[in-house]
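Undergrad: Sequence:
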Amino acid sequence: MNVWFARLGSTNCKIIDRKKPMLGKVSSTHLVWAAVALCATLLSGCATSRYDGKHAPDPSKAIIVGSIGESYLTQPHGLVVEIDQQGAPGTALRLTTLGNEDDQPSLHLLGHYFMYEVPPGEYEYTQWHYVYYAGKSMPRPVPAVFSVKAGETLYIGDLRADALRFCLSNVNNAEDTVQALKRKYPMLKDRNIVNLTPKSGFAPWPSSDATDFGKGLCTI
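In my numbering, the protein residues as written are 126 to 345.
Source of the hints: derived by calculation from the structure; they are not laboratory data. These figures come from a predicted structure and were not determined experimentally. Check each hint, because a few of them may be wrong.
To be verified - Here are the simulated lysine-lysine pairs, DSS-like style, with alpha carbons at most 25 Å apart:
| no. | residue 1 | residue 2 |
| --- | --- | --- |
| 1 | LYS274 | LYS307 |
| 2 | LYS324 | LYS179 |
| 3 | LYS186 | LYS314 |
| 4 | LYS307 | LYS179 |
| 5 | LYS309 | LYS179 |
| 6 | LYS179 | LYS274 |
| 7 | LYS186 | LYS261 |
| 8 | LYS261 | LYS179 |
| 9 | LYS309 | LYS261 |
| 10 | LYS261 | LYS324 |
| 11 | LYS186 | LYS309 |
| 12 | LYS307 | LYS324 |
| 13 | LYS261 | LYS274 |
| 14 | LYS307 | LYS261 |
| 15 | LYS324 | LYS186 |
| 16 | LYS324 | LYS274 |
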């Protein structure tokens with residue numbers, strides 16, 4: 126049986142038997158998702174929680190917004206994207222498609238709009254992967270880094286991956302996504318949201334599961 130384990134100190138966490146079938150978009154197996162979420166916490170440490178906009182924003186911090194989603198033919202694979210603050214290892218964002226609300230209308234899409242309150246500084250997309258695949262993101266020739274300032278509200282892009290090419294992109298879809306974010310989070314309605322994708326966006330980024338390592342399918 127091919128099983129993954131995560132270890133933190135003396136704690137073992139069984140993540141998944143990779144021979145078991147993947148779960149669909151709508152599933153009642155809450156215990157499985159709870160186990161995945163617990164193991165994700167053990168693996169990533171103390172990741173920054175999403176900001177729900179129900180309390181006044183901290184003027185010493187910035188607000189970043191965007192979306193994450195994955196497309197697939199039959200089953201979602203569990204997209205995970207990690208963003209770390211440079212020089213501050215305690216500040217990390219772990220964006221995931223599984224275990225969250227689903228804002229996508231299609232049966233072949235899974236994802237949501239997000240909002241985080243973060244300290245000012247420089248942030249880097251450090252890695253991405255699928256829960257249901259072994260591959261990790263390939264090294265980037267140029268780091269994907271963006272900076273935020275206190276008091277700003279910034280759209281950082283739409284993160285999109287698909288299970289055909291095994292490539293992640295961060296694209297500018299501000300015209301539609303910002304309006305959707307304002308509907309989801311009423312506190313954004315009257316705020317000026319700056320489009321940061323000229324700096325935070327990036328071209329397709331392959332996983333090591335991509336059979337061409339980004340030389341062909343990633344460019345389509």
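Undergrad: All the hints need checking, so say for each whether the structure fits it.
TA: These are the hints, each one checked on the structure:
1. LYS274 x LYS307: Distance of about 21 Å is within 25 Å: holds.
2. LYS324 x LYS179: Judged against 25 Å, a Cα distance of about 29 Å means the pair is violated.
3. LYS186 x LYS314: Holds, at roughly 19 Å.
4. LYS307 x LYS179: Status holds; Cα separation ~13 Å.
5. LYS309 x LYS179: holds (12 Å)
6. LYS179 x LYS274: holds (21 Å)
7. LYS186 x LYS261: violated (31 Å)
8. LYS261 x LYS179: This hinted pair is violated, its Cα atoms lying about 35 Å apart.
9. LYS309 x LYS261: This hinted pair is violated, its Cα atoms lying about 32 Å apart.
10. LYS261 x LYS324: holds (23 Å)
11. LYS186 x LYS309: holds (21 Å)
12. LYS307 x LYS324: holds (22 Å)
13. LYS261 x LYS274: Violated: LYS261 and LYS274 sit about 30 Å apart, past 25 Å.
14. LYS307 x LYS261: violated (33 Å)
15. LYS324 x LYS186: holds (19 Å)
16. LYS324 x LYS274: holds (14 Å)
When the structure is compared with the earlier hints, violations turn up for hints 2, 7, 8, 9, 13 and 14 and for no others.
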